[in-house]
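Asks: As a plain string of letters, each chain reads:
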Amino acid sequence: MQRIGVFVCWCGSNIAATVDVAAVSEALGHEPGVVFSTNYQYMCSEAGQNIIKNAIRDYQLTGIVVCSCSPRMHEATFRKTAASAGLNSYMVEIANIREQCSWIHKDKAQATEKAIILGRAAIAKVHLNAPLTAGESPVTKRALVIGGGIAGIQTALDIADAGFEVDIVEKQPTIGGKMTQIDKTFPTLDCAACILTPKMVDCAQNDKINIFAYSEVKEVKGFVGNFHVKINKKARYVDATKCTGCGECTEKCPMKKIPNEFNLGLDNRHAIYIPFAQAVPKVATIDPNACNMLKNGKCGLCAKVCSAGAIDYKQKDEIVEREYGAIVVATGYNPIKLDDYDEYAYSLSKDVVSSLEFERITNAAGPTGGTLLRPSDGKHPHTLVFVQCVGSRCSAEGKGKSYCSKICCMYTAKHAMLCREKYPDTEVYVFYIDVRSPGKNYDEFYRRAVEEYGVHYIKGQVGKVVPRSDGKLLVQGSDLLANEQVHIEADMVVLAAAIEPDKSARPLATMLTASMDTNDFFTEAHAKLRPVESPTAGIFLSGACQGPKDIPDTVAQAGAAASKVIGLLAKDKLTCNPCTAHSDEMMCNGCSSCEKVCPYGAISYVDKEFRMPNRTTAIRRVAVVNEAVCQGCGACTVACPSGAMDLKGFSNSQIMAEVDAICKM
Amino acid sequence: MSKYDREQILRTSGVNVLKCMRCGKCSATCPSYDEMEYHPHQFVYMVEKGEIEPLLQSKSLYKCLSCFACVERCPRGVEPAKLVEAVRLQVIRQQGMNHLKPDDIPALLDDDLPQQAIVTALRKYSK
Amino acid sequence: MQDVNQFKPKIVAFCCNWCSYAGADLAGTNRLQYPADVKIIRVPCSCRVNPMFILRAFQRGADGVILCGCHPGDCHYTTGNYYARRRMTLLFSMLDYLGIEKQRTRVEWVSAAEGAKFAATMNEFVAAVTQLGPNKRLEDLRCKN
Amino acid sequence: MNFSYYPGCTLKNKAQDLDRWARLSAEALGIHLEELETWQCCGGAYSMGKDEIASKLASVRALQAAKEKGQDLVTLCSACHNVLKQANDAMANDPDFSLRANNYMALDTPYKGETKVIHYLELLRDVVGFDNLKKAVKNPLKGKKIAAYYGCLLLRPGKVMQMDNPENPRIMEDFIRAIGAEPVLWANRNECCGGYAVLEDKAIAVKKSTAVMDNAADQQAEMLITACPLCLYNLTKNSASETRLPVKYFTELLAEALGVKE
Numbered sequence: 001m002q003r004i005g006v007f008v009c010w011c012g013s014n015i016a017a018t019v020d021v022a023a024v025s026e027a028l029g030h031e032p033g034v035v036f037s038t039n040y041q042y043m044c045s046e047a048g049q050n051i052i053k054n055a056i057r058d059y060q061l062t063g064i065v066v067c068s069c070s071p072r073m074h075e076a077t078f079r080k081t082a083a084s085a086g087l088n089s090y091m092v093e094i095a096n097i098r099e100q101c102s103w104i105h106k107d108k109a110q111a112t113e114k115a116i117i118l119g120r121a122a123i124a125k126v127h128l129n130a131p132l133t134a135g136e137s138p139v140t141k142r143a144l145v146i147g148g149g150i151a152g153i154q155t156a157l158d159i160a161d162a163g164f165e166v167d168i169v170e171k172q173p174t175i176g177g178k179m180t181q182i183d184k185t186f187p188t189l190d191c192a193a194c195i196l197t198p199k200m201v202d203c204a205q206n207d208k209i210n211i212f213a214y215s216e217v218k219e220v221k222g223f224v225g226n227f228h229v230k231i232n233k234k235a236r237y238v239d240a241t242k243c244t245g246c247g248e249c250t251e252k253c254p255m256k257k258i259p260n261e262f263n264l265g266l267d268n269r270h271a272i273y274i275p276f277a278q279a280v281p282k283v284a285t286i287d288p289n290a291c292n293m294l295k296n297g298k299c300g301l302c303a304k305v306c307s308a309g310a311i312d313y314k315q316k317d318e319i320v321e322r323e324y325g326a327i328v329v330a331t332g333y334n335p336i337k338l339d340d341y342d343e344y345a346y347s348l349s350k351d352v353v354s355s356l357e358f359e360r361i362t363n364a365a366g367p368t369g370g371t372l373l374r375p376s377d378g379k380h381p382h383t384l385v386f387v388q389c390v391g392s393r394c395s396a397e398g399k400g401k402s403y404c405s406k407i408c409c410m411y412t413a414k415h416a417m418l419c420r421e422k423y424p425d426t427e428v429y430v431f432y433i434d435v436r437s438p439g440k441n442y443d444e445f446y447r448r449a450v451e452e453y454g455v456h457y458i459k460g461q462v463g464k465v466v467p468r469s470d471g472k473l474l475v476q477g478s479d480l481l482a483n484e485q486v487h488i489e490a491d492m493v494v495l496a497a498a499i500e501p502d503k504s505a506r507p508l509a510t511m512l513t514a515s516m517d518t519n520d521f522f523t524e525a526h527a528k529l530r531p532v533e534s535p536t537a538g539i540f541l542s543g544a545c546q547g548p549k550d551i552p553d554t555v556a557q558a559g560a561a562a563s564k565v566i567g568l569l570a571k572d573k574l575t576c577n578p579c580t581a582h583s584d585e586m587m588c589n590g591c592s593s594c595e596k597v598c599p600y601g602a603i604s605y606v607d608k609e610f611r612m613p614n615r616t617t618a619i620r621r622v623a624v625v626n627e628a629v630c631q632g633c634g635a636c637t638v639a640c641p642s643g644a645m646d647l648k649g650f651s652n653s654q655i656m657a658e659v660d661a662i663c664k665m
Numbered sequence: 001m002s003k004y005d006r007e008q009i010l011r012t013s014g015v016n017v018l019k020c021m022r023c024g025k026c027s028a029t030c031p032s033y034d035e036m037e038y039h040p041h042q043f044v045y046m047v048e049k050g051e052i053e054p055l056l057q058s059k060s061l062y063k064c065l066s067c068f069a070c071v072e073r074c075p076r077g078v079e080p081a082k083l084v085e086a087v088r089l090q091v092i093r094q095q096g097m098n099h100l101k102p103d104d105i106p107a108l109l110d111d112d113l114p115q116q117a118i119v120t121a122l123r124k125y126s127k
Numbered sequence: 001m002q003d004v005n006q007f008k009p010k011i012v013a014f015c016c017n018w019c020s021y022a023g024a025d026l027a028g029t030n031r032l033q034y035p036a037d038v039k040i041i042r043v044p045c046s047c048r049v050n051p052m053f054i055l056r057a058f059q060r061g062a063d064g065v066i067l068c069g070c071h072p073g074d075c076h077y078t079t080g081n082y083y084a085r086r087r088m089t090l091l092f093s094m095l096d097y098l099g100i101e102k103q104r105t106r107v108e109w110v111s112a113a114e115g116a117k118f119a120a121t122m123n124e125f126v127a128a129v130t131q132l133g134p135n136k137r138l139e140d141l142r143c144k145n
Numbered sequence: 001m002n003f004s005y006y007p008g009c010t011l012k013n014k015a016q017d018l019d020r021w022a023r024l025s026a027e028a029l030g031i032h033l034e035e036l037e038t039w040q041c042c043g044g045a046y047s048m049g050k051d052e053i054a055s056k057l058a059s060v061r062a063l064q065a066a067k068e069k070g071q072d073l074v075t076l077c078s079a080c081h082n083v084l085k086q087a088n089d090a091m092a093n094d095p096d097f098s099l100r101a102n103n104y105m106a107l108d109t110p111y112k113g114e115t116k117v118i119h120y121l122e123l124l125r126d127v128v129g130f131d132n133l134k135k136a137v138k139n140p141l142k143g144k145k146i147a148a149y150y151g152c153l154l155l156r157p158g159k160v161m162q163m164d165n166p167e168n169p170r171i172m173e174d175f176i177r178a179i180g181a182e183p184v185l186w187a188n189r190n191e192c193c194g195g196y197a198v199l200e201d202k203a204i205a206v207k208k209s210t211a212v213m214d215n216a217a218d219q220q221a222e223m224l225i226t227a228c229p230l231c232l233y234n235l236t237k238n239s240a241s242e243t244r245l246p247v248k249y250f251t252e253l254l255a256e257a258l259g260v261k262e
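Residue numbers (my numbering), protein chains in the order written: chain A, 1 to 665; chain B, 1 to 127; chain C, 1 to 145; chain D, 1 to 262.
I should point out that these hints are in silico values taken from the structure, not numbers from a laboratory. These numbers were taken from a predicted model, which means no experiment stands behind them. Just so you know, even glycine gets a beta-carbon here, dropped at the ideal spot from N, CA and C. A hint or two may mislead.
Reference excerpt, derived from the structure (chain A facing chain D, CB under 8 Å, subset only) [unchecked claim]:
id : residue
1  : 315
2  : 317
3  : 339
4  : 464
Straight line, CA to CA, 30 Å or less: simulated BS3-like cross-link-like pairs of lysine-lysine [claimed, not checked]:
id : chain 1 : residue 1 : chain 2 : residue 2
5  : A       : 350       : D       : 202
6  : A       : 184       : A       : 242
7  : A       : 350       : A       : 257
8  : A       : 472       : D       : 237
9  : B       : 59        : D       : 202
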């Protein structure tokens, strides 16, 4: 029999005004097993906690019930109180008589009666409580960063800086991500490559950082502190340890009409290629879909010209297995496909381009060497129309994205401004719904585009673009402020396409058991208070995989994710949640029902020898719960047909006792 | 009267005018824009505000081509064309308010005019 | 007639710790009233609720049982509420077969932000159960004190 | 294969060619179009009002008739297709309208949108297959640059019509390729020609058909094809474009390619 103490809190007048606290403590004092019952103004205050501590000592209490506010508020407080008085902290139960009683009822008699019943339910439960001890699991002191864009790079650098090992897995041949394709960055207009490439080099040179480029995560097993990951290093057909990145092979390769992904297909590359001059690692890669040697064994020119002997046509994909304590997702974004928005004639005219394509056209390392030229005829455009919100803020069925893509207002202002700065002979129009420029120096930047550079901002949308054979694009839009339909003969139209999470994100989320929203952005553990953690322990979020972000926000979040990882890796052991499932091996018949419903893969099976009648033994298959992995949801306890599986802290008998106490009146 | 009209129009059209985010794409895409005194986005906004009377009086009602361009391209699924039609129905359903009378038709015919043109005109402009 | 008016149902509400229990707390924080007949039992997840608990509640004289969990897709444990939904669909149709009216059982998704929904749901549910009167069907007379 | 067929009013009068060539071609392709016995005019424009019941019943009756025969319903005129398809969608997905329409119909079993309405072009694409059509072509229209004119009714509203991507369609272009000609891609192929306003305000009809014709001519098309008698009339009669391109029914070219045009 437990010796139970009951502590009824007044919460000032929050509880005491509608619940007769004295009557509650009096009534609960008569419950079986209760040896002490009292009430006090503020149980959570130091004086209140001392009442509890003294009672535990003086009455040798084995369990306590606090009738107070929600356990979400002060359960942790009272558990600590109990622990400091030598009582196991899981021998504490809270009866929520504030949020779920005094605050929602006006009638004092009714509220008091309900408070007593809630107290009784808690007493009934605590009778069946058993001391629980949180287990511990070790931490592998290495982090995995999935995605090598600016988010992944920054996270990796910060983690490495704290002295921990980091691996970056990047599916492209080089790290750098989208930022490598961008020309200038708002609002300061410094060149993206100038600020990014030093960081890429830092990654390559940091001995704590290991880059798996041209690689993908294939499998993730394990749990926080102990992840086992399989990484597929795709065959480059070039020995990365020998290749010097001289580029000789890429010039000699006869297959030179392959659309260049780095320039979004605006120009061509060879079958063997290095994406761009500052690539990290600077190693050539053979495109197996384009290479004649790999397709039909005819050519081999690159191997002939390579003085380092790095070409290896026989190279195979390689699986690397690594252990990690924490995983950071930094899979980034892509602009959406514009197929559903062909009223803008994207598929009809080469001169209708996406904003990212426009970045390449204005980039010094791009297909035009940085001179603004129309893709169709290479002529200098004089009239440019920018269309914002193409596919963003679109809630129409089956089309576009319902969210604001966040970065388009600012990069469009940047594009418009740069056009006018470099080519004063251009007329630049921007069709906008709203200009969203919250951010340091952002609105000022946009205003400069209008006031100093004379960009024409038109409030309204474009409804149709009609390409004409003389190269003009007839843009029909609405000017809502003038209440007019406007018609502009443009030379180029630039579409600010909505951005969406990378396609690799969803299968990755499944591997990580990390949750995603309906748009395939990773969900954070708490929208405000835990913005860089996934609800799955040990998984952290960095950059646009969690939601649209510009570079400053991405870098800030990357650093925040790194600091969370560092906090985790700094620990030698992790304390586990002790309220885990537990299987009674005498009752378990090894049917696998529990394993199938477990979202964490915490349940496995072992063959165990059992004593049987007449001194015989038998081997039976029984379930075993890995307490470090179990999160305590209880799905298995209900799935178990034999009743072997139970949940500590929320056992069948405890919940039944609560049911009984509530129904008995 | 106006409040009743507004509710009737919303019911007939099934359009939720509150979904509009005022991007103006309906009016940007409307082929009859120049002929309309009130443009598609104004229909949405004026119905939202309950300013129905000017719409009921307006010739714009008969300029809509029912081509569904605004319906197709509206990013919010507002369907302005349905609203225009509902306002027009509000007018022509009243006694003696038919916009096109059968007697007027013979004068408008030519030898090649397909039947389709006549039936649609009657369907759209008369009850 | 007066008896019916004075009938106070016994309602057991199972609330998952992450969404619905927090939603109930929010209802309290916002002082949204619902009848004192509702007593909440906290469970880690709606999938922790064993059909046994619900049968037990009816056996012990409960007049209605409601299970609240996170919205589909929002489960803290990813999929728990889907299990709960499937299990309860089966259980409730069995209870209906036994004569426990469908109105006495309910599954509702209440997020941590939906205090108002929680209160409204409880008000509605209590009204529906009150309308039906006491549950006699599954009550175990041996359990009567 | 047998299909129910709804020709519509115009195909019985001014657009008899559209109808005749379609039937001849279908037979040549092994498809038999069974005209519904007692069809009524669809009204030419779908009444968008949710409380418009009577004006949609003719369509519902046609749909019900096809359901009774257990056949898919083939349409040809763009307007009929649009009206029937939208009415069918409302019968399937607007319970309020469906209930009220069924009250008028007083059928033994209510009609709930079971009939599949397919346009003749969809018949060619999904039943015959453009590859098979290509094989069946006897007189390929080599070297002809043809602009497909979809107009407004065939594709929109996209979520109901579900024929093709309403902004970047290809069904008529694929058809043009199948009969051996070369499609011209042009932006105004899915812009309205203004035909509906021809009695109300001829200026609109002139202005819009001119814009359509100009764009097709500018893209070096030699001819336009359409499935809509009103578009054909309006583009031929009212366009003020300097270039007066011939406008033809797509079934005429089909019959020509299949060698069944008498």
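Asks: Give a verdict on every hint.
Replies: Verification of the supplied hints:
no. : hint           : result
1   : 315            : violated, 40 Å
2   : 317            : violated, 37 Å
3   : 339            : holds, 6 Å
4   : 464            : holds, 7 Å
5   : A:350 to D:202 : violated, 36 Å
6   : A:184 to A:242 : violated, 34 Å
7   : A:350 to A:257 : holds, 18 Å
8   : A:472 to D:237 : holds, 28 Å
9   : B:59 to D:202  : holds, 15 Å
In the structure shown, a violation is registered for the earlier hints numbered 1, 2, 5 and 6, in ascending order.
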